[in-house]
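Novice: The residues making up each chain are set out below.
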Amino acid sequence: MSDTYYSPDDLPKFGQIAEGAPKLAQKFFDYYGHVFAPGALSAREKALIALAVAHAVQCPYCIDSYSKGALEKGADLEQMTEAVHVAAAIRAGASLVHGVQMLEHHKKLAM
Amino acid sequence: MALIQVTEPLAHLAGVDLTSAESGPKGTRTLAARRLPLASPAAQLAHLAQAAPALDFDARARGRLTPAELEIFQINLGKLCNMTCRHCHVDAGPDRREIMDRATVDACLAALDRTQAHTVDLTGGAPELNPHFEALVDACVARGKHVIDRCNLTILTVPRFQHLPGWFAERGVEVVASLPHYRARNTDRQRGEGTFERSIRAMKALNAAGYGQGHPDRVLTLMANPAGAFLAANQCEVEAEWKAGLMQHHGVTFDRLFCLNNMPIARYLEWLLESGNLGAYMTRLANAFNPATVAGLMCRNTLSVGWDGQLYDCDFNQMLELPLAGERPHVADFDPAAWRARPIVTDRHCFGCTAGHGSSCGGATA
Chain A
1 MSDTYYSPDD LPKFGQIAEG APKLAQKFFD YYGHVFAPGA LSAREKALIA
51 LAVAHAVQCP YCIDSYSKGA LEKGADLEQM TEAVHVAAAI RAGASLVHGV
101 QMLEHHKKLA M
Chain B
112 MALIQVTEPL AHLAGVDLTS AESGPKGTRT LAARRLPLAS PAAQLAHLAQ
162 AAPALDFDAR ARGRLTPAEL EIFQINLGKL CNMTCRHCHV DAGPDRREIM
212 DRATVDACLA ALDRTQAHTV DLTGGAPELN PHFEALVDAC VARGKHVIDR
262 CNLTILTVPR FQHLPGWFAE RGVEVVASLP HYRARNTDRQ RGEGTFERSI
312 RAMKALNAAG YGQGHPDRVL TLMANPAGAF LAANQCEVEA EWKAGLMQHH
362 GVTFDRLFCL NNMPIARYLE WLLESGNLGA YMTRLANAFN PATVAGLMCR
412 NTLSVGWDGQ LYDCDFNQML ELPLAGERPH VADFDPAAWR ARPIVTDRHC
462 FGCTAGHGSS CGGATA
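Protein chains in written order, with our numbering: chain A, 1 to 111; chain B, 112 to 477.
Only chain A is shown next, with the shape it has when bound in the complex:
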């Protein structure tokens, strides 16, 4: 076992999660595979969404996977950086829009 919570060596071991619940793992990985197949969205668009979400949930495994994945689906650094900014903007906006609740409280409480 590594002496840090996060290790790059853990990512290739993801499949081992099947050990305790093989059927659930199979369903998850089947589902996952279908989600990322080209459909109404291209594989590149899906990889960029995954990269943005990876930053929003701050998952280093996903950032590793989808930095590579976005490149291999034909995205470039500018597209990848814009995707990360979308995540950052939504996170900032999500905080800021709650300020409306603050305003309501202020309106009620302050003279």
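Some hints could be false.
Said to hold, decoys possible - Here are the simulated distance ranges between beta carbons:
1) A:VAL97 / B:ALA477: 26 to 34 Å
2) B:GLY277 / A:GLY15: 53 to 61 Å
3) A:PRO38 / B:GLY325: 20 to 28 Å
4) B:GLU438 / A:ASP3: 56 to 64 Å
5) B:GLN227 / A:LEU11: 48 to 56 Å
6) B:GLU438 / A:ALA40: 28 to 36 Å
7) A:ASP3 / B:ALA452: 37 to 45 Å
8) B:ALA319 / A:LEU77: 54 to 62 Å
No wet-lab data here; the hints were simulated from the structure.
Just so we're clear, the structure is a prediction, and the values are computed from it rather than from any experiment.
Where a beta carbon is used, it is the ideal one built from N, C-alpha and C, also for glycine.
Please build the complex by placing chain B on the supplied structure of chain A, with the hints as guidance.
Specialist: Chain B in isolation, oriented as in the chain A frame:
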């Protein structure tokens, strides 16, 4: 490594300074010019063996890699180039003097006449810089062959070669042109500052000559290599994006897209070593081994002729000096029956052609 020889004067290039930025962008200098040990194919193979000792291509391909009918006669006209891209597997550049001479060109044509190959695929270096290039194209067209020019695009912006788009169109030559990405950034980082802008100019000239508009005798194919240590995109998935991107931003069109993996050879190998990516890249290629790619690999239906007439299973084996099986095979002695019965020569680099969607001179193979 072959000794550098000046086989014929480059009189046809008098007044063209191939070393200048005007003649072509330079991403780096050749390994040969820098006199690096890595310029030697033996050193390159040793690095691959060291980085991935357990990889065994023949064991993975398990007898599926057998010769098919000879369809493509590929001739490497030499290592001379107006560019020095950072991913070049040939280590081509303006300082290289390995150039096919007329006697070897004639031996190629004589060998071609002993085969049923329908396509002659011309590569380099920049094949257009060979003094016999136009004569060879004409001789192949006269024989009814489909001719492919593997073109770096920027050569078409050099005044001496600006007639080529129209000249190709008159002969129905297919242009297979290198462009790593439909956006400028990756292209210039891999191939040198200004490459993208000049490539667009060359594509406009090709479009003006009738290329890239769906005409079967004016086919413009783009060939994309990843600009880094990752696998090529699925060409079917990204072709539409490329077409839209190049049309919308640059007003140019092309017919089809090939996406190829980079081979861990020569200058791309140098970059993998310098960036600390070699081990992980070899693992990536091996993990992405796709048995469905094997049937379509170019080594099965292609003969590869080197600038000096030596024969190989592919251009990558050529650059690693892994010759066709047999005793010093030369194009002058080419025997189609023996070729059809030969074992195909492989090594660790072959995982580059079988990773993901597959990768050959004709694009993806699965």
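Novice: Are the hints correct? Go through all of them and say.
Specialist: A quick look at each hint next to the structure:
| no. | hint | in the structure |
| --- | --- | --- |
| 1 | A:VAL97 / B:ALA477: 26 to 34 Å | 48 Å, violated |
| 2 | B:GLY277 / A:GLY15: 53 to 61 Å | 56 Å, holds |
| 3 | A:PRO38 / B:GLY325: 20 to 28 Å | 24 Å, holds |
| 4 | B:GLU438 / A:ASP3: 56 to 64 Å | 58 Å, holds |
| 5 | B:GLN227 / A:LEU11: 48 to 56 Å | 50 Å, holds |
| 6 | B:GLU438 / A:ALA40: 28 to 36 Å | 58 Å, violated |
| 7 | A:ASP3 / B:ALA452: 37 to 45 Å | 58 Å, violated |
| 8 | B:ALA319 / A:LEU77: 54 to 62 Å | 32 Å, violated |
Hint check: violations occur at hints 1, 6, 7, 8; the rest are consistent with the structure.
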